[in-house]
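Q: Given only the sequences and the hints, what does the whole structure look like? Please build it.
My numbering numbers the first residue of the sequence shown as 1 and each following residue consecutively.
By construction, these hints were calculated from the structure, which means they are not laboratory data.
Among the hints, a few may not be true.
Claimed, not checked - In silico DSS-like cross-links for lysine-lysine, where the CA-CA straight-line distance does not exceed 30 Å:
#	residue 1	residue 2
1	Lys204	Lys105
2	Lys135	Lys105
3	Lys55	Lys135
4	Lys194	Lys135
5	Lys177	Lys111
6	Lys194	Lys105
7	Lys204	Lys194
Claimed, not checked - Quick list of simulated restraints, FRET-style, between CB atoms:
#	residue 1	residue 2	range
8	Phe59	Leu109	27 to 37 Å
9	Glu67	Glu132	27 to 37 Å
10	Asn113	Pro230	45 to 55 Å
11	Asp142	Met166	22 to 32 Å
12	Pro93	Asn167	41 to 51 Å
Cβ atoms here follow ideal geometry from the backbone N, Cα and C, with glycine treated the same way.
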Amino acid sequence: MYEIMKDCPIGVFDSGVGGISVLRDLHRLMPQEDYHFFGDSDNAPYGIKTTDEVKKLSFDIVDHFVEQEVKAIVVACNTATSAAVGDIRQAHPNLTVIGLEPAIKPAVLRKPNSQILVMATPLTLREQKFQELLKQYENLADLVLVPAPDLVEYIEQGDLNSPAVMNYLTELLAPYKETADSIVLGCTHFPFVKSAIQEVMGDKQFIIDGGPGAARELQRILRDKELLQPLNHQGRVTFANSEIGTGKIELSERLFNA
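A: Written out as structure tokens, the structure is:
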């Protein structure tokens with residue numbers, strides 16, 4: 001194992017371009033850090049695959065990051081977190097590994113006994129990790145699970161607010177427009193359509209995702225380990241993608257700078 005130093009980069013990965021929403025949160029909080037983002041768009045979406053398939057894909061990316069001598073890995077994908085984060089931590093005990101989980105807790109604390117929509121991929125919703133999270137809060141709020149597998153595909157194409165996206169969201173969310181207090185975005189792709197969701201639902205719903213919390217957790221751990229880059233360091237962000245061609249890299253840069 002290589003020596004983990006302050007100037008080692010942070011690896012961030014997702015099943016596609018969705019994890020760039022988390023990358024943005026990380027970069028806003030710690031712009032002095034170097035980030036390597038890897039999007040596995042060639043194998044997206046993860047949310048309809050088996051747990052074993054997602055584990056294998058995740059470990060392939062982690063091996064790639066270890067070769068790049070990263071100091072931390074952010075699993076910027078709720079599905080991969082559910083399926084693989086425990087095994088990744090076990091395999092790499094020296095590395096800081098941060099996962100994503102749906103931000104149910106802050107939504108419940110904000111307004112107990114309210115109706116909370118949890119939008120996620122089918123695999124995230126059925127994984128044991130999510131089911132355990134659900135059990136913690138199911139008696140404290142009306143938690144409504146809203147699978148939204150097609151939304152990942154729209155976002156992977158860079159389609160954030162077309163009529164097709166708006167129609168899909170309307171069909172999905174309209175039944176809850178008058179009853180839902182908040183919406184938990186349980187997939188890292190979904191913050192990119194937050195404006196579209198708000199347009200469908202109106203302004204009264206509170207929309208939250210897990211990205212900012214994951215960024216704060218990574219900052220805390222790196223600070224405790226004295227692994228944060230100095231604030232005067234100019235951090236760099238690089239993008240890679242498993243899909244052949246430049247299209248996904250260009251989309252990645254556009255979403256990052258949006």
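Q: With the threshold set at 30 Å, check whether the alpha-carbon distance from lysine 194 to lysine 135 stays at or below it.
A: Roughly 26 Å between the alpha carbons, so the hint for lysine 194 and lysine 135 holds.
Q: Could you grab the alpha-carbon distance between lysine 194 and lysine 105 and see if it respects the 30 Å cut-off?
A: Holds. Lysine 194 to lysine 105 sits at ~19 Å (cutoff 30 Å).
Q: Confirm or reject the claim that asparagine 113 and proline 230 have a C-beta distance inside 45 to 55 Å.
A: Holds: the Cβ-Cβ distance is about 46 Å, inside 45 to 55 Å.
Q: That 41 to 51 Å hint for proline 93 and asparagine 167 (C-beta), does it hold up?
A: Holds: the Cβ-Cβ distance is about 47 Å, inside 41 to 51 Å.
Q: Within a Cα-Cα threshold of 30 Å, do lysine 55 and lysine 135 meet the stated pairing?
A: 24 Å, holds
Q: Holds or violated: lysine 204 and lysine 105, Cα atoms, limit 30 Å.
A: 19 Å, holds
Q: What's the verdict on lysine 177 and lysine 111, does the C-alpha distance respect the 30 Å limit or exceed it?
A: 17 Å, holds
Q: Quick check on a hinted range of 27 to 37 Å for glutamate 67 and glutamate 132, using CB atoms only.
A: Given a distance of about 33 Å, which is inside 27 to 37 Å, the answer is holds.
Q: If I claimed the Cβ atoms of aspartate 142 and methionine 166 lie 22 to 32 Å apart, would that claim hold in this structure?
A: Hint holds: Cβ distance 26 Å, inside 22 to 32 Å.
Q: Quickly compare the C-alpha distance for lysine 204 and lysine 194 to 30 Å and report which way the hint goes.
A: 13 Å, holds
Q: Take the C-beta atom of phenylalanine 59 and the C-beta atom of leucine 109, compute their distance, and say whether it sits inside 27 to 37 Å.
A: This hint holds: roughly 34 Å between Cβ atoms.
Q: Quick one, are lysine 135 and lysine 105 close enough, alpha carbons at most 30 Å?
A: 11 Å, holds
The structure shown violates none of the earlier numbered hints.
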